Amino acid sequence: MGKYKMLLGAAWKRQKFSVLALFLMIVIAALCLFSAITLYTSGTSTVENKMDRLGFGNFTVWVSGQPERLLAEIEQIEDVEGAAQQEVIYAGYKVNGNFSDNEGQLIAYDGTVPYHFIDRNGEIVENSEIPEGSIYISPAMESMFDVQIGDAIQFNLSRTNGRKTYTVAGYFEDAFMGSSMIDMKSFLVSGADYEEMLRIMADSAAIDVLGRSGAMLHISKNPSSGLSDTEFYEELQEHTELARYMDFTYRKDSILSYMLLLQNIVSGFLMIFSVVLFVICLIMIKHSLTLVIEQEKGDMAILRTMGLSGSILRSIYVTLYGGSGFLGVVLGAVFCGAAAANIARGMVTSTGMLVDVRTPFGLLAGVFVICMLVLAAAVFTQTGKILHIAPMQMLRETKSAAKVQSPFSKRYLLVHIALREVLADRGKYISLCLIAMILTVFLSVIGHMGAWLGPSGEGLMNSFSVAEHDLGVQPLNQTVPMDEIERVINWYSPVVEQYELAMQSVTVNGQEYTANVLDDTKWFHMLSGNVCDDNSILITDTVAREMNLQIGDVVRVSANGRMDEYEVSGIYQCANGMGTNIGMSIGGYARIDDITGYIWCRHYILEDGSVRDYVYNYLEEHYRGIDVHTNSWSGLSGIVLVMHMLIVLLYVVTAVIILITVALVAGKLLQSEKSNMAIYKSLGLHTGKLRVSFALRFFIVVLGGAILGFAAAGILADPLIGTVFKSFGIGEFEAGFSMLGNVVPLVVIPVLFALSAWFYSARLSRVSIVELIAEDGE
Amino acid sequence: MNHEKGNPPIISGENIVKTFGDTKVLNEINIEIYDGDFTVIMGTSGSGKSTLLYCLSGMEQATGGTIHCGDQAVTGASEKELTKLRANKFGFVFQKTHLVSNLTLYENIVMAGLIGSGLSEKDIRERARRLAAQMNLQDAVDRLPSQVSGGEAQRAAVARAVMGNPAILFADEPTGALNKANTKEVLNLFTSLHEKGQTILLVTHDKEAALRGNRILYIEDGRVISELVLSEYGKDDDIREKKLGAWLEGLGW
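Same order as they appear, the protein sequences are chains A and B. Per this note's numbering, residue 979 is the first one in the first sequence, and the count goes up by one each step. Per this note's numbering, residue 662 is the first one in the second sequence, and the count goes up by one each step.
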């Protein structure tokens, strides 16, 4: 035991830097992985629990008016466990100079529904009533409209003195539509204010009323019911007058997907990043142990001659490297709860609620074991070489180098020295090359995402939109002067293209979807198959998956009680409603519904798209009876902000990883090349030049790796992101060539590595020619 | 070709002191190394002879006193100035060959020229080839240091040291790790270089090596206690050997 302790202590003294650097890298990787898992599981359970607590069922149906009979009809169905009605007022609002795209949903707070009042960090605060004139909002309104406590929100209830303004007094937890991913927002007001709003609407002439009263019906399926959600919903429609009052319906899992969109994107990227880090850790374990064994094999051979067994020598390195891995994973697991809580807290203004972080011990224990097995296998395999060190063999062995042909000239001498060092010891640089390749692929993937997203989230918006546009105007009655409105639009910027879109509720084989009806079907983003005609429809990847449909299948589409059969002619891209929509031509839709109503929204593509917000504001201020929107939604800025922050964070962590990797690789290289460095110095090569040459080595190797990574990313990045995005309803992802996705990683990674190596090589100034004398004295 | 002919000193040191902790290794030494001389420093182990060489060449900074190489101060010189001295004026040969392990012998020699000399690349390569031939390395030039004998490697180290036409060649026990045959070969090289005008400062405890010099300094307890000008005794090896032997005997060697 004594000899083991002594040898372990000696090995620690020599290897402590490598072991600590590796430990640090494993801590980061484990922390990312465990935090991501914790955030993912906690997010799902938090939203589900809070929805259950607030009494939301399997379906929530938004209805106009207060159809009291409907609730009774629903409750009578055998498969219904329960149904509750929550009265609301729908009204458009203006906040901080922004008009909402969607109506706000005002709810009178009377304590019946146990809403939690929270502070800006999502922590629950005590509050039993809302004073008159005050309003409580979701914290996500901050990322959507930059709303702060004390700001005013104006609701338009009637054209005649029907504007009511409330002061934001605080926040509440809205598990249902609190996320910035959901455009429609709920607001809590006092009972007295709610009554006053109802009175304003009741006192106004019908033509002047802008707000409307309605309700949310929360319907829970009986747990013993054997019906699927789709069948249950069909039954509801069949046996009640639901379709008559319904505005739209959301299934619980659809709401969950929206509410958890941001958390899932963040935890998904953290998981991918942690896997990348673990792969890098494995490469570094191989690299470090190979070099350590190479450097120490003389000493090991001597110890073998003294009677020490190979397995004891091996156990020293297994203890050091395996121990650092074990402690790193343990530390990552210990702090993952705190890290996940901090991430959750940082996202409250986008997600609208604080995720109740609960560590999933069982799942983490399983992941912990897998991580440990992988790390142990890596350490054990690498240290196996120690067993083959024979006592005398290594003492007799002379250090030999492979002869390499590479040019040498006075010009570019430093480059040539660097190149020779790399080629002569190429085995030592393979790990570096591999890591550079992996990091380039990873940053390319992130860069592709960033480029696709664009500075204002255009990529995401185009994926969610039915078709490209800058501005949409929907006249809601015959008094709207559309010619005049188009003249206004043209004054701001000439209109390049225009088409008409209607978004109507339909059922496809009994399941409810939104039908995107276009007067010109060329605007659909086709993924495969053919554009639809009057006898066919388009479906998204999501619909195809959900309903197990293929191109060529025939489906029954119905709207307002009329039904017809259509063939699926193709797959198109529209992530709206998580991809739960179909595409139809105007002629096709005319077969099942009236197309003469005010259902058409005219979409405009402007020559100068940057003026769209000005046009939007002008039209909102000056025209009534229209619904105006741009190709954006207020939650977009939140998701863009979070994604951009994630990209920056991952770049920063990548830079840290590069620093650690360089420290690990450079430390070992400088140690083994001390003598060569001193010789170069004795020949008159200045430390500064040696440092440049040293950094150039890293640049050359990493550039090689980055070029490989660049090529791999060109093939892999888009399909990889596309696979992840499919789960969000984005059927096709194509970022193409971009500065951020292709050029930046190719340049940034070699430069960062070279700069880190240059900084790290400052210790070369401590290498003295006296090293040579010291060696002579040995 | 020695100081008796009035050549100026290349290196001069006044009151050189070097201490390691409480131990004074060099004790106020005054010394001048003259242009064209083959100066040998001898002394017992621990006498300070190697330390003196390191201080004179700027490898170690003296604790006290001043050292100059011509007009350039060695004591207190910046790293940049010392680098310039090494590249243009100094050549080094060590006990171990200290060749760059992944360069062939030829490339090791060329490298010194590329770093230090003001010659064109073509001239550097020509001179390197000539030096390699002069050192009898023709058959080994394309091999790596690990693939040649100790003698060949040391000859290559000497060739590399003189590649940049240094004003002075510092050699610290250059034959210490060689067998008899290789020692003779290397010493012959030093003699040949000296005959061509190369200034050499050699530290050794080998009488055979010391015989090649024209001026021998004996150092003890950090002080130069005696000097022997061997050139005064002509070129007869026997006479030189006897004189050196007697001198060393007188010093208690």
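Calculated directly from the structure, the hints in this document are not laboratory data. Check each hint, because a few of them may be wrong.
The calculated lysine-lysine pairs, modelled on BS3-like cross-linking and capped at a C-alpha distance of 30 Å, are [what the hints assert, rightly or not]: (1) B:K783 to A:K1667; (2) A:K1652 to B:K903; (3) A:K994 to A:K1667.
Sample of chain A residues lacking proximity to chain B, with all beta carbon distances greater than 12 Å (derived) [unchecked claim]: (4) L998; (5) I1657; (6) V1726.
Remember, predicted model here, so these are calculated numbers, not experimental data. Glycine included, each C-beta is placed from N, C-alpha and C at the ideal position.
Structure-based check of each hint:
{"no.": "1", "hint": "B:K783 to A:K1667", "in the structure": "holds (23 Å)"}
{"no.": "2", "hint": "A:K1652 to B:K903", "in the structure": "violated (44 Å)"}
{"no.": "3", "hint": "A:K994 to A:K1667", "in the structure": "holds (29 Å)"}
{"no.": "4", "hint": "L998", "in the structure": "holds (29 Å)"}
{"no.": "5", "hint": "I1657", "in the structure": "violated (5 Å)"}
{"no.": "6", "hint": "V1726", "in the structure": "holds (30 Å)"}
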